[in-house]
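Sequences are here, hints too, so could you generate the full structure?
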Amino acid sequence: MPSRTERRLNMDALSAFHNLDFTYPRVFNKHDANTMAAANNYLINGTHLACYLSHLHVYKQMIEDNIETALVLEDDVDMELDLMHRHTHIMQQVYERYGRDWDMLYLGHCTWDRNEPTRPTAHNVSLYEAEYPVCMHAYVVTRDCARRLAVVLEERLTSVGRDIDMVLAVGVQFGVSVVLGTSPPYIVQIGRRELVSDLTLLEDGDTAQSLTQSTLFHLNMRSTDPRTLPAYMVF
Numbered sequence: 001m002p003s004r005t006e007r008r009l010n011m012d013a014l015s016a017f018h019n020l021d022f023t024y025p026r027v028f029n030k031h032d033a034n035t036m037a038a039a040n041n042y043l044i045n046g047t048h049l050a051c052y053l054s055h056l057h058v059y060k061q062m063i064e065d066n067i068e069t070a071l072v073l074e075d076d077v078d079m080e081l082d083l084m085h086r087h088t089h090i091m092q093q094v095y096e097r098y099g100r101d102w103d104m105l106y107l108g109h110c111t112w113d114r115n116e117p118t119r120p121t122a123h124n125v126s127l128y129e130a131e132y133p134v135c136m137h138a139y140v141v142t143r144d145c146a147r148r149l150a151v152v153l154e155e156r157l158t159s160v161g162r163d164i165d166m167v168l169a170v171g172v173q174f175g176v177s178v179v180l181g182t183s184p185p186y187i188v189q190i191g192r193r194e195l196v197s198d199l200t201l202l203e204d205g206d207t208a209q210s211l212t213q214s215t216l217f218h219l220n221m222r223s224t225d226p227r228t229l230p231a232y233m234v235f
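Residue 41 in my numbering sits at position 41 of the sequence shown, with consecutive numbering throughout.
One or more of the hints may lead you astray.
[Said to hold, decoys possible] Estimated spans, in silico, between C-beta atoms of each pair:
1) Asp144 / Met166: 18 to 24 Å
2) Tyr95 / Gly161: 32 to 38 Å
3) Met166 / His57: 17 to 23 Å
4) Arg193 / Leu71: 31 to 37 Å
5) Gly46 / Arg143: 39 to 45 Å
6) Val170 / Ala16: 36 to 42 Å
7) Arg227 / Glu131: 23 to 29 Å
Please keep in mind that the hints were generated in silico from the structure rather than gathered at the bench. Idealized CB from N, CA, C, for every residue including glycine.
Structure below.
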């Protein structure tokens, strides 16, 4: 959100430290969402729809610009200090095991997945096929998948009315997509207690997750070392 300057400062710092070239697409607020919901008879509205539409816009932009794969990040994330080392290791596993036959790769997720390794270690990241991925703060999506999602998600707005991560998770269960996950996640949410959200309330649960070595803490941009935080949200 343009009004949340601290989030942009965090993202710019992460971009510079890890040499990542970020593009900041259009985002929707709850007022935009409510106007569109009323005009189009959508079954969800408010902040849930705002998040849904923001991700849907990214998929449409990928198609328009012919982008083969994109890393999609929400603006409340922090990253492991050795991000590039972990991601290089994961992508080697992805292409060795799947080639180009995959759709999404969750670099961050906020709940435990039943297909996840039972004892992940902090410094050794593993790849697995996700059964029910939850939260969409950090993932890679392919152009082919974005093309399918743009159609399916548009239709689901008037037929299902669920949060976008729930729609995608159900799709994974029915084999709609090849969705992969990383364990432990190496891009996590800072959390609503430390970073105020326009879309969700602290009463809904804090989304903060642990990191072995936080980039933002290393840069003195977080007051608390996230090593002490839980690995996943508890609902």
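Between Arg193 and Leu71, does the C-beta distance stay in 31 to 37 Å?
Taking Cβ atoms as reference, Arg193 and Leu71 lie about 26 Å apart, which means the hint is violated.
Does the hinted range 23 to 29 Å hold for Arg227 and Glu131 at CB?
28 Å, holds
Could you tell me whether the CB distance from Tyr95 to Gly161 stays inside 32 to 38 Å?
This hint holds: roughly 37 Å between Cβ atoms.
39 to 45 Å as the expected CB spacing between Arg143 and Gly46, which holds or is violated:
This hint is violated: roughly 30 Å between Cβ atoms.
Please test the hint of 18 to 24 Å on the beta carbon pair from Asp144 and Met166.
22 Å Cβ-Cβ, so the 18 to 24 Å window holds.
Range hint 36 to 42 Å (beta carbons of Val170 and Ala16) holds or violated
38 Å, holds
A range of 17 to 23 Å was offered for this pair. Does it hold for the Cβ distance of Met166 and His57?
At 19 Å between Cβs, range holds.
In summary, the numbered hints that this structure violates are 4 and 5.
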